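Engineer: Sequence:
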Amino acid sequence: HQQYNGYIENEVVPFIKMHTSEGTPIITSGASLGALNAANMCFRRPDLFSGTIAMSGVYDLTSYTDGYYDEDVYFNSPCHYLPNLDDDYNLPRLRRMDHIHILTGSGDYEDPEASKRLSGILSAKGIPHELDIWGGDMSHDWPTWRAMLPYYIDSRF
Numbered sequence: 104h105q106q107y108n109g110y111i112e113n114e115v116v117p118f119i120k121m122h123t124s125e126g127t128p129i130i131t132s133g134a135s136l137g138a139l140n141a142a143n144m145c146f147r148r149p150d151l152f153s154g155t156i157a158m159s160g161v162y163d164l165t166s167y168t169d170g171y172y173d174e175d176v177y178f179n180s181p182c183h184y185l186p187n188l189d190d191d192y193n194l195p196r197l198r199r200m201d202h203i204h205i206l207t208g209s210g211d212y213e214d215p216e217a218s219k220r221l222s223g224i225l226s227a228k229g230i231p232h233e234l235d236i237w238g239g240d241m242s243h244d245w246p247t248w249r250a251m252l253p254y255y256i257d258s259r260f
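Residue numbering for the sequence shown is 104 to 260, as defined by the numbering used here.
Treat the hints loosely; a few may be bogus.
[Said to hold, decoys possible] DEER-style ranges, computed between Cβ atoms:
#, residue 1, residue 2, range
1, Tyr-167, Gly-223, 16 to 22 Å
2, Thr-165, Ser-226, 33 to 39 Å
3, Ser-166, Thr-127, 31 to 37 Å
4, Gly-238, Leu-136, 30 to 36 Å
5, Ile-236, Asp-257, 28 to 34 Å
6, Gly-170, His-122, 16 to 22 Å
[Stated by the list, open to error] Straight-line distance between alpha carbons at most 16 Å, and here's what the computed EDC-like set of lysine to aspartate or glutamate pairs gives:
#, residue 1, residue 2
7, Lys-120, Asp-150
8, Lys-228, Asp-201
9, Lys-228, Asp-190
10, Lys-219, Asp-235
11, Lys-228, Asp-257
12, Lys-219, Asp-150
13, Lys-228, Asp-214
14, Lys-228, Asp-191
Hints were generated in silico from the structure; no laboratory data involved. This one's a predicted model, so the numbers in the text were calculated from it and none came from an experiment. For every residue, glycine included, the Cβ atom is placed at its ideal position computed from N, Cα and C.
With the hints as extra help, turn the sequences into a complete structure.
Structural biologist: Now the structure itself:
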């Protein structure tokens, strides 16, 4: 995760800023494991990102590590580090965000409980967000995410 985070922070963000402007807001987005990564980047670096659209994610990294747990897992697992976040730098920035959208379907292979757990943590920390659980016809698959992302971009931005 450290290499991925470094790549996003040190190469992708500067590239976007160079080709747009320093003031251009950047909102992360991803589906499935990409939702974990998108939300994690937003929560870890609210100085760089303005929000996230996280679709069908599981936000506890240990669900992917077969029980392995260390400091790197902790700091890349929002369900682990967010409950302990109490600094004067990141937490106020997260509390000012207008675009934290946690989306999931309820169909096959979806885990709406994972999104509910993250939502509960965000609520407990006073971080505004939107939890949107779509119906049972929305399974853990590309057609669901193709419906979700344009809907949120068109209706929220």
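Engineer: Tell me, which hint numbers fail for this structure?
Structural biologist: Those not satisfied are hints 2, 4, 5, 6, 11, 12 and 13.
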